[in-house]
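Peer 1: Fit chains B and C to the supplied structure of chain A, relying on the hints for placement.
Line by line, the protein sequences give chains A, B and C. Using our numbering, read the first sequence as starting at 1 and increasing by one per residue. Using our numbering, read the second sequence as starting at 1001 and increasing by one per residue. Using our numbering, read the third sequence as starting at 2001 and increasing by one per residue.
It should be emphasised that the hints constitute simulated quantities derived from the structure, not laboratory data. Beta carbons: idealized from backbone N, C-alpha and C, even for Gly. Treat the hints with caution; some may be incorrect.
[What the hints assert, rightly or not] Result set (DSSO-like, lysine-lysine): computed pairs, CA atoms no more than 27 Å apart in a straight line:
| no. | chain 1 | residue 1 | chain 2 | residue 2 |
| --- | --- | --- | --- | --- |
| 1 | B | Lys1528 | B | Lys1446 |
| 2 | B | Lys1453 | B | Lys1524 |
| 3 | B | Lys1129 | A | Lys160 |
| 4 | A | Lys9 | C | Lys2070 |
| 5 | C | Lys2070 | A | Lys91 |
[Said to hold, decoys possible] Footprint (simulated), chain A over chain C, 3 or more residues, beta carbon under 8 Å:
| no. | region |
| --- | --- |
| 6 | 2007-2013 |
| 7 | 2048-2059 |
| 8 | 2076-2084 |
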Amino acid sequence: MDEIPYTVKPHPLSGLYSGKLGIWLFLASEVMLFGALFSSYILLRVGSDSWPVGSELLNIPLAMLNTFILIISSVTVVLGWASLKLGEHGKAKMYLWVTVLLAFGFLIVKGFEYGAKFSHHISPATNNFYATYFTMTGLHGLHIVGGIAVFVYLLTSGSKLLEENPEHYTNRIECAGLYWHFVDLVWIFLFPALYLL
Amino acid sequence: MSVAHETHDDHGHHVELPFWRKYVFSTDHKVIGIQYAVTALFFLLFGFTLMMMMRWQLAYPGQPMPLIGTFFSEANMPGGIMVPEFYNQLGAMHGTIMVFLGVVPLAVGGFGNYVLPLQVGAPDMSFPKLNMASYWVFLPGGLIMLASFYAEGGAAQSGWTSYSPLSNTAPAGQTWWLIGMIFLITSSLLGSVNFIVTTIQLRVEGLSFFRLPFFTWAQFVTAFLLLLAFPPLEAAGVMQLMDRVAGSSFFLPSGLVISGQLLDVAGGGNPLLWQHLFWFLAHPEVYVLILPALGIVSEIITVNSRRPLWGYRTLVYSIISLGFLSFIVWAHHMFMTGMGTAMSNFFQTTTMIISIPSVIILTALALSLNGGSIRFPTSMLFALAFIPMFAIGGLTGLPLGLTAADLHLHDTYYVIAHFHYVVAPGTVFALLAGVYHWYPKVTGRKMNEALGKLHFWISLIGINVVFMPMFFVGMAGVSRRLYDQTQYAYGAQVQGLTAMSSWGAWFLGAAQIFFIINFFWSRKNGEKVESDNPWNATTLEWATPTPPPHGNFPEVPKVYRGPYEYSVPGAKSDFSPQHVEEG
Amino acid sequence: MAETAEEIREHSKVYIKILIALLALTLLTVAVSYQDFGSVYASVFVGLLIATIKGSLVACYFMHLIDEQKIIYWVLGIAVFFFTVLMAVPYLTDSNSVFNR
Chain A
1 MDEIPYTVKP HPLSGLYSGK LGIWLFLASE VMLFGALFSS YILLRVGSDS WPVGSELLNI
61 PLAMLNTFIL IISSVTVVLG WASLKLGEHG KAKMYLWVTV LLAFGFLIVK GFEYGAKFSH
121 HISPATNNFY ATYFTMTGLH GLHIVGGIAV FVYLLTSGSK LLEENPEHYT NRIECAGLYW
181 HFVDLVWIFL FPALYLL
Chain B
1001 MSVAHETHDD HGHHVELPFW RKYVFSTDHK VIGIQYAVTA LFFLLFGFTL MMMMRWQLAY
1061 PGQPMPLIGT FFSEANMPGG IMVPEFYNQL GAMHGTIMVF LGVVPLAVGG FGNYVLPLQV
1121 GAPDMSFPKL NMASYWVFLP GGLIMLASFY AEGGAAQSGW TSYSPLSNTA PAGQTWWLIG
1181 MIFLITSSLL GSVNFIVTTI QLRVEGLSFF RLPFFTWAQF VTAFLLLLAF PPLEAAGVMQ
1241 LMDRVAGSSF FLPSGLVISG QLLDVAGGGN PLLWQHLFWF LAHPEVYVLI LPALGIVSEI
1301 ITVNSRRPLW GYRTLVYSII SLGFLSFIVW AHHMFMTGMG TAMSNFFQTT TMIISIPSVI
1361 ILTALALSLN GGSIRFPTSM LFALAFIPMF AIGGLTGLPL GLTAADLHLH DTYYVIAHFH
1421 YVVAPGTVFA LLAGVYHWYP KVTGRKMNEA LGKLHFWISL IGINVVFMPM FFVGMAGVSR
1481 RLYDQTQYAY GAQVQGLTAM SSWGAWFLGA AQIFFIINFF WSRKNGEKVE SDNPWNATTL
1541 EWATPTPPPH GNFPEVPKVY RGPYEYSVPG AKSDFSPQHV EEG
Chain C
2001 MAETAEEIRE HSKVYIKILI ALLALTLLTV AVSYQDFGSV YASVFVGLLI ATIKGSLVAC
2061 YFMHLIDEQK IIYWVLGIAV FFFTVLMAVP YLTDSNSVFN R
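Same shape as in the complex, but just chain A (with noise of 0.2 Å):
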């Protein structure tokens, strides 16, 4: 007997498929660098003497409109897992390209906005705010460009997965989506925190 069991059908006593119980396991500890990362934020913040205001020193339009395509590109991407759930296989891999554009969006609107601030000699070594506010958007950044790298995995050579076992294609869309919510979350608590307030 070698073939794991629960990978696709759920566990009697847990009900849930392997890969969701891990899943939210690894969201769990990304909870924890985050965590970190927001815990070390004020600490420095209410250590300092003065700290910019966020408002005054970012581009919070640009922000917003990073925000709004966040948010569309979870809707998209649980979109995509409904319609692959019913067995709408077109409609699903329209959905997912789609986050992976709204998320290669996100990425363009970061690179304009850290280019502007490289353009006026801003970096890190400024000062803590800069120092924070590259850092955390930063991480969050590459965490983005890891979820770009599961989808398009998953919608190019792990597609065949779809053909042969659909519902475990189900499965590992919803996971890659439950992480591309959390990436979502993450911003919807940075971009007040570093930009607003």
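Peer 2: Only chains B and C this time, still in chain A's reference frame:
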């Protein structure tokens, strides 16, 4: 050892994998476990060697190291005499390597990976590819750590704790340390998800949580510690990297002067932030060091005393509370940082409370021996020694947890003695016990008993000669990470004890040769085991063929009873395996 | 969770409603940031409150937490507890904080 590697192609036919995928990039938890174990044993030896070099400088400060002193570079050991910067590198890397590349990969990556799926009756871990990934992220991390010795200015040299601002401004090796840590932390996160999901999802029918072997419980709780405690250190590592590479000042305060020069940074940072984030991981990490050991000792003691574990349920609740409490004691490493009495009282209290489950567990292990028919294979000798050794380590932690006493003892050799007692004759003894115990299952042969007993007795004596004097050296006021204690009158007075520790360390090192020889020799020449269950144990890992094939169990086992039904009155024999229906 | 096709289509409608709510709350959070509430604490509180509401909507509906298995609640509960400890303690030990004045 031959671990049959087959996989199934699309039609369920067995397919022989090429060598590359069978033994190198394998997804089989047993191969991965062995990879972790062998790699970790090498790192343990390397870290031990670093320490043996340090001990020369400590025993004979400023003297050229005999025999091998001239092998080292002019920068590190001109004329065979160690310079302080190199001493610091050896110290920082000894700690880092032992904790992150030695003990945890062996205890968790090695034993956990190999034994846990077997004990729950599973064909493999829940996510075999993720498991493979975790090893192949661990190995580069370890190699980066080793390579850092060749960085400009040398390896990390600010302690394994890498406190800012010293670490911020240290030479290039520190950057390598940070990058290496990011690899290691990632590897650990991938592994811990696997352990938790496997334990929850893949237990066979009849194997409820309260029928799990204590070893599995220990690994399960440990995985939660790794999952939730490591990320803050990863965040801190990223921030220190930003400070070092991108010029930020997360941990650099304003107005910092180094060597008479004002540091040209924005400032406004907080060195204590690093300490909080580091210790938030590093305290649970020490429980990661001990919990698997408690699990291993439980297995070996029950098998070799033919008695059940005393107070199994209590032990389970204790280990869960130990795991939980380990997250809220960390600032007892920071009592000297001026946090105010309210918070230091809080941490003192939680630290005192956490000693309760530890004592319960140790007492239960000792009580498990009562009335037993005790056998003394080498594994049992190490497991028995663990109990008093860990007790010494644990008890000597109490003065450190009390703020008033910690005032005098913090950062002295007393601390070094305390934590080494728990990790060295504590955990490492338990890990060695585990090697002797499970070697027959992995290889089909027993390790040589005569060599084993020699290894044990010399190690037991040697390790106490190393660390017992350190309590007194510490109480005399000699601080940690000190290149030459004879510079101070109080240090010179106890130099004799320090030299004694060094001789103990070299003696202890020599004893390991017996183990190394035994480990390799027994693979081909050890006494072949007559059965799949040579120790007559009850847990599921002994119900497999020897060595276990791909998929582990030819037929999916069912579990009918708890894990430690030894010497049950009225039973046919003195042990009732979990998977056998008749009692 | 075995959902019928009907349920999935219903949920899809809910997703759109949540989307609208999230976009509106985003506009709200920006608008509110220009308001002066007197104290820093009040501004932070309001900002975090709105963010928490938005986050909860994403978690409960997009991530299906609203009808998830108990074990996931346990995992998240433990994580949230330690997250809170990590957020609070460094601040509480800092000599600059209100706690130590």
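Peer 1: Give a verdict on every hint.
Peer 2: Do the hints match the structure? See the list:
1. For the hint linking lysine 1528(B) to lysine 1446(B), the alpha-carbon distance of about 6 Å falls within 27 Å, and the restraint holds.
2. Between lysine 1453(B) and lysine 1524(B) the alpha-carbon distance is near 20 Å, which keeps this suggested pair within the 27 Å criterion.
3. Distance restraint check for lysine 1129(B) and lysine 160(A): the Cα-Cα separation of roughly 18 Å lies within the 27 Å cut-off, and the hinted pair is therefore satisfied.
4. Between the alpha carbons of lysine 9(A) and lysine 2070(C) the distance comes to roughly 18 Å, so the proposed pair stays at or under 27 Å and holds.
5. For the hint pairing lysine 2070(C) with lysine 91(A), the CA-to-CA distance comes to about 32 Å; that exceeds 27 Å, so the pair is violated.
6. Residues of the region 2007-2013 of chain C with a Cβ under 8 Å from some Cβ of chain A number 4, which satisfies the need for three, so the listed coverage holds.
7. Restraint check on the region 2048-2059 of chain C versus chain A: 7 residues with Cβ-Cβ distances below 8 Å, three needed, restraint holds.
8. Counting residues of the region 2076-2084 of chain C whose CB lies closer than 8 Å to any CB of chain A gives 6, which reaches the minimum of 3, so the coverage claim holds.
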